[in-house]
Amino acid sequence: MSTTAKWRTWLPYAGVVAVVGYCLAPFYWMLVSSLRRTSDIFDTSLLPSPVSFENFGAVFDPSQGFTRALLNSLIVAGITTSLALLLATFTAYAMARLEFRFKRLILTLVIATSMFPVVSIVVPLLQLFTDIGWINTYQAMIVPSMSFALPLAVWNLTTFFRQMPDELEHAAMIDGCTRGQAFRKIIVPLAAPGIFTTAIITFIAAWNEFLIALTMTNKPEMQTAPVAISKFSGATQFETPFGSQMAAGVLVTVPLVVMVLFFQRRIVAGLTAGAAK
Amino acid sequence: MKIQTARALPCSAALVAAGLLLTACGSSGSDSGQQAGNASFEGRGPITFVAGKDSTGVVQAALDRWNELHPEEKVTFVQLPTDADSQRQQMIQNAETKSDAYTVLSLDVVWTSEFAAHQWIDRLPENRFPLQKMLRPVVETAKYRGNLYAAPGSSDGGMLYYRTDLLKKAGITEPPATWSEMTADCARVKKLPEAGDMSCYAGQFQKYEGLTVNFAEAVHSAGGQVADADGKPDVDTPEARKGLDFLAGSVEDGTIPKEAITYQEEDGRQAFEAGKLIFHRNWPYVYSLAQKSKVAGKFAVAPLPGLNGPGSSSLGGHNLALSSFAKNKATALDFMKFFSSEDSASTFLKDASLAPPYADLYDDASLVEQYPYLPVLKESILRAVPRPRVVQYGDVTSAIQREAYAALAGGKSSAQALKDLQAALQKSAAQ
Amino acid sequence: MAGTRTPPGTPAYGPGSDAGQPSTPPAPRRGRARATAGSGRMAALLVSPTLLVLTIVVLYPTLMALNESLHGPKGLDPATGFIRTTEPFVGLKNYADIFGAAGERFWNAFWNTTFFTVVTVGLETVIGVAMALIMHKAFRGRALVRAGILVPWAVPTAISGLLWRWIFNSNGIANALVGHQILWTTEGFHAKVAVIVAEVWKTAPFIGLLVLAGLQVIPKEVYEAARIDGASALRQFWHITLPLVKPALLVAVLFRCLDALRMFDLPYILIGAQKNSVETLSMLAQNEASNVRFGPAAAYAVLLFLYVLLIALAFVRLLGADLVGDGAAAGRRRGNKGGRRRIPAPRRAEVSA
Chain A
1 MSTTAKWRTW LPYAGVVAVV GYCLAPFYWM LVSSLRRTSD IFDTSLLPSP
51 VSFENFGAVF DPSQGFTRAL LNSLIVAGIT TSLALLLATF TAYAMARLEF
101 RFKRLILTLV IATSMFPVVS IVVPLLQLFT DIGWINTYQA MIVPSMSFAL
151 PLAVWNLTTF FRQMPDELEH AAMIDGCTRG QAFRKIIVPL AAPGIFTTAI
201 ITFIAAWNEF LIALTMTNKP EMQTAPVAIS KFSGATQFET PFGSQMAAGV
251 LVTVPLVVMV LFFQRRIVAG LTAGAAK
Chain B
1 MKIQTARALP CSAALVAAGL LLTACGSSGS DSGQQAGNAS FEGRGPITFV
51 AGKDSTGVVQ AALDRWNELH PEEKVTFVQL PTDADSQRQQ MIQNAETKSD
101 AYTVLSLDVV WTSEFAAHQW IDRLPENRFP LQKMLRPVVE TAKYRGNLYA
151 APGSSDGGML YYRTDLLKKA GITEPPATWS EMTADCARVK KLPEAGDMSC
201 YAGQFQKYEG LTVNFAEAVH SAGGQVADAD GKPDVDTPEA RKGLDFLAGS
251 VEDGTIPKEA ITYQEEDGRQ AFEAGKLIFH RNWPYVYSLA QKSKVAGKFA
301 VAPLPGLNGP GSSSLGGHNL ALSSFAKNKA TALDFMKFFS SEDSASTFLK
351 DASLAPPYAD LYDDASLVEQ YPYLPVLKES ILRAVPRPRV VQYGDVTSAI
401 QREAYAALAG GKSSAQALKD LQAALQKSAA Q
Chain C
1 MAGTRTPPGT PAYGPGSDAG QPSTPPAPRR GRARATAGSG RMAALLVSPT
51 LLVLTIVVLY PTLMALNESL HGPKGLDPAT GFIRTTEPFV GLKNYADIFG
101 AAGERFWNAF WNTTFFTVVT VGLETVIGVA MALIMHKAFR GRALVRAGIL
151 VPWAVPTAIS GLLWRWIFNS NGIANALVGH QILWTTEGFH AKVAVIVAEV
201 WKTAPFIGLL VLAGLQVIPK EVYEAARIDG ASALRQFWHI TLPLVKPALL
251 VAVLFRCLDA LRMFDLPYIL IGAQKNSVET LSMLAQNEAS NVRFGPAAAY
301 AVLLFLYVLL IALAFVRLLG ADLVGDGAAA GRRRGNKGGR RRIPAPRRAE
351 VSA
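Those sequence lines, one after another, are chains A, B and C.
Be aware that the first sequence starts at 1, since it is given in UniProt numbering, and climbs by one per residue.
Be aware that the second sequence starts at 1, since it is given in UniProt numbering, and climbs by one per residue.
Be aware that the third sequence starts at 1, since it is given in UniProt numbering, and climbs by one per residue.
Be a bit skeptical, because a hint or two may be false.
No more than 20 Å apart at the CA atoms, straight line, and that leaves these computed lysine to aspartate or glutamate pairs for EDC-like [stated by the list, open to error]:
id	chain 1	residue 1	chain 2	residue 2
1	B	K292	A	E167
2	B	K298	B	D420
3	B	K294	A	E239
4	B	K412	C	E104
5	B	K412	B	D197
6	B	K242	B	D54
7	A	K219	B	D420
8	B	K232	C	D97
9	B	K298	B	D197
10	B	K294	C	D97
11	B	K168	B	E126
12	B	K292	A	D175
13	B	K350	B	D334
14	B	K276	A	D61
15	B	K427	C	E187
16	B	K258	C	E104
17	B	K337	B	E72
Residues of chain A placed beyond 10 Å of chain B at every Cβ, according to the derived structure [said to hold, decoys possible]:
id	residue
18	S82
19	V122
20	Q181
If you are wondering where the hints come from, they were derived from the structure by calculation, not from laboratory data.
These numbers come from a predicted model, not from an experiment.
Glycine residues also receive a C-beta, built at the ideal position from the N, C-alpha and C atoms.
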């Protein structure tokens, strides 16, 4: 009995270690590669020796404009996520709570739109945006990003809203809340993990978007981080700047993770705090 | 929604008829003056220079020099991704949308024909550029159907890197000039205790552009050709077969290590620097990097070997072209002249080790001291044969990669591979 | 947009919500029925911004692409040496060519795409659900663990392609670990394996995160009730957890499928272009487009679109009850499984953990 109990306590932790190990091992390799000198980049030792920050220096070389690119990515992904989440919340609420015709059709349409390969829509979009003077603007990157962010957010939020019991909402409405208040104060806090996860996933998808961001900008001060990384180069045409690419990979990934860590408590706490009122 | 659909369809149909791909409904669609050859280079003012990332800073330095001299006609640098395919894709997208965002384009030498035939770039007046001072094969890469469409910017040629220390130990004084000499040298070197598990030779045999380069070199070095002077495919010949046989046979018998079919430039460099290869075909960029590796001071370069004598390299490098849709073409032409001048080329060589198109620079004593490989590179470029200069280069190089890879890795016979390649090239040419 | 045409007062049972509705008016349904009157208009109001944005961003270019797919590439005029300026209208020739002349390549890419989708999404589902269960169990440091498993999903695809290419290099760490040299990037099944390993690593966390969120909104009382009933862990998982996370899981799987069907960057960067073993439909479209044959490229894109649409429709059907609002069935099931209705307080504690 006691061995089983012990087993039960420890197994989840062993599982956690396994999962985290699986996720982080390749990332560790990325980190190690980014800490090697350019001349030892072909090494396969598990620790970089000597440790060198040469690649990180190269990434933050002012000519790469990487800091600015990170900021641009933050703006584009941030606005895309907020906008997508806002619109999707309305839509998902209607999907989850209202009875109306063509629901299936609308849901199918929403998802169908996210399915056309980006490479096929990029030329018409470039033409459109050139004509309306949107080249080198944030909206030229944000609006197309909605094409994949919005369907993802609508579908996810719909499932999470639907899982919430209606009775609470009705009770709140009987107590004098409007439909909107009932939704805001009851459903949103309860669905917080779902909303938050949707936000993270949408944000990351927008953060990593490459082709649109590359096509719609030609000024270095407007480029996003993935575009900036694609411009890393070795000293010559054929030399692969593997070390600095990996360093940049680390640098676009880590802030994201830190941000998630930092915000998740706040956001979840904030969302649930609404319910207490 | 309905209204939009209804308007979009006939409008786009009309535009396609007018020759514009997916063009905006708003534009007039009737600019007729784009006939090549009589392009008038008018207009002065700010322009852009479009090229892949410049990590050494030489491009920006040159632009700064220009901008200081021409404050009214400033050039802005538009940097594209490092990856050549992305560069080409961005340039084509800009041309398809007739955008004037790009003025002077830095084109890979193999793109000239395609861009010229689509009239994405303007024909240039030959008398504006000192072509006679340049290496002839390099100038050829800037021409389409005998007309100049680009100003030679930089060049590149393949060289044979070899281990001087091992050759010397094995009693060999001269680098090999032919393939059979090379394999014979290998046999002698491999008898040395320290070279027992080394491989003889490798180039770039992964299925990518590098394979086209290496295949074309093998075929040309055996006296064959991929296409004749008129651009007609002519690869199903005994000479071409000897070239491909050399590569396929070498993989088969282990002269070329099996893993070389995954090699791109950097993998080969890695193997050579790690002391795994006796001979290695690569570009000049390896020279200074290998000087900092384990094999520093133990290697030298020679022209590529061939079947019966020195072989022919393929050509790399970039040329400057003028976008047909650009503004301020008078400025652009002056800038191209400035940027492709011997002075600029000399700076690019000194500061960024870019191989110049100018013949004299290869003999400049101080430059040779800095880059000891220059005389060999000059020889390599002079003997070079460009990769096929065809409009549908993308299809041609795909077909070459498919068949050459099948012969090297997939066990297809050289004869069959070349036969299939010839058929594929003919089909592509007929399109 | 479609919803605007619903006259107020029309019985708002959509085509999809016919399953057993009229006959069952149990308690949970009452509130909703009351809301029906104005809900058509309200729904239209709520849904239209989304539809409007998607129309602008996707419908317009898609119609352009559809039109484009009926045009052939511009031909070369042998006399002048220039490409003609018009794209000939060729009707369905591009489609005919795909199934005819290029048929072998198309079907190869089709099967590769399908194979990758089935295998990667299958593995990701298993691994993702396992990840979610483990994370759900571990209360301390859950935030940290969640941030940790976010890492693979957060690495940009292009960078992860390069990373895995390095790992699967002929002298890379993968071969060092395997102990003998496998040329991963050459043709053969091993190339598929390399793509699958890299893809599953990168995207299993996507499913893991969404399922975890699904788990977090399951009330604890459900489990407590089951534990009192003496249900084993496996039974609990199979009969309680899985049905309750099913909607979240299915949506995650759906989006993974759609993405996997359009897989491009990873095989392209990791293994390379034109490798039969890993060539996908998106790579074919890309290949045509990069050779300035926009018509055939658009035709490939349209075919891929139709294929993806088919899968999506199947999912909509599968998810119908949970998603589209055949509320009766879902509501009843929740009622049965969940026992009494919960008050928000214990849930809050759960949420912020």
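Checked hints:
Between B/K292 and A/E167 the CA atoms are separated by roughly 73 Å; this puts the pair beyond 20 Å, and the hint is violated. Under the criterion of a C-alpha separation no larger than 20 Å, the hint pairing B/K298 with B/D420 is inconsistent with the structure, at around 42 Å. The suggested pairing of B/K294 with A/E239 holds, with an alpha-carbon distance near 18 Å, which does not exceed 20 Å. Taken as a hint, the B/K412 and C/E104 pair is honoured in the structure, with Cα atoms around 18 Å apart against an allowance of 20 Å.
Between B/K412 and B/D197, the direct Cα distance comes to roughly 28 Å. Violation of the 20 Å bound is thereby established for this hinted pair. Using a Cα cut-off of 20 Å, the hinted pair B/K242 and B/D54 is violated, with the two alpha carbons roughly 40 Å apart. With a CA separation close to 45 Å, the supplied pair A/K219 and B/D420 exceeds the 20 Å bound. Between the alpha carbons of B/K232 and C/D97 the distance comes to roughly 25 Å, so the proposed pair goes past 20 Å and is violated.
With a C-alpha separation of about 18 Å, the suggested pairing of B/K298 with B/D197 holds against the 20 Å cut-off. Simply put, B/K294 and C/D97 have alpha-carbon atoms about 53 Å apart, too far for the 20 Å limit, and the pair is violated. Restraint check for B/K168 and B/E126: not satisfied, since their Cα atoms lie roughly 48 Å apart, outside the 20 Å limit. Only pairs whose Cα atoms come within 20 Å are accepted, and B/K292 paired with A/D175 is rejected, the gap being roughly 78 Å.
A hinted pair counts as satisfied when its Cα atoms are at most 20 Å apart, and B/K350 with B/D334 does not qualify at roughly 23 Å. Between B/K276 and A/D61 the CA atoms are separated by roughly 35 Å; this puts the pair beyond 20 Å, and the hint is violated. For the proposed pair B/K427 and C/E187, the alpha carbon gap of about 25 Å is over 20 Å, so the pair is violated. A C-alpha spacing of about 28 Å is found between B/K258 and C/E104, which places the hinted pair above 20 Å, so the restraint is violated.
This hinted pair checks out: B/K337 and B/E72 have alpha carbons roughly 17 Å apart, not beyond 20 Å. No beta-carbon of chain B comes within 10 Å of the beta-carbon of A/S82; the shortest separation is about 26 Å. In this structure A/V122 is not separated from chain B by more than 10 Å, as the shortest Cβ-Cβ distance comes to only about 7 Å. Every C-beta of chain B lies more than 10 Å from that of A/Q181, the closest at about 33 Å, which supports listing it as non-interface.
Comparing the model with each earlier hint shows violations of hints 1, 2, 5, 6, 7, 8, 10, 11, 12, 13, 14, 15, 16 and 19; every other hint is respected.
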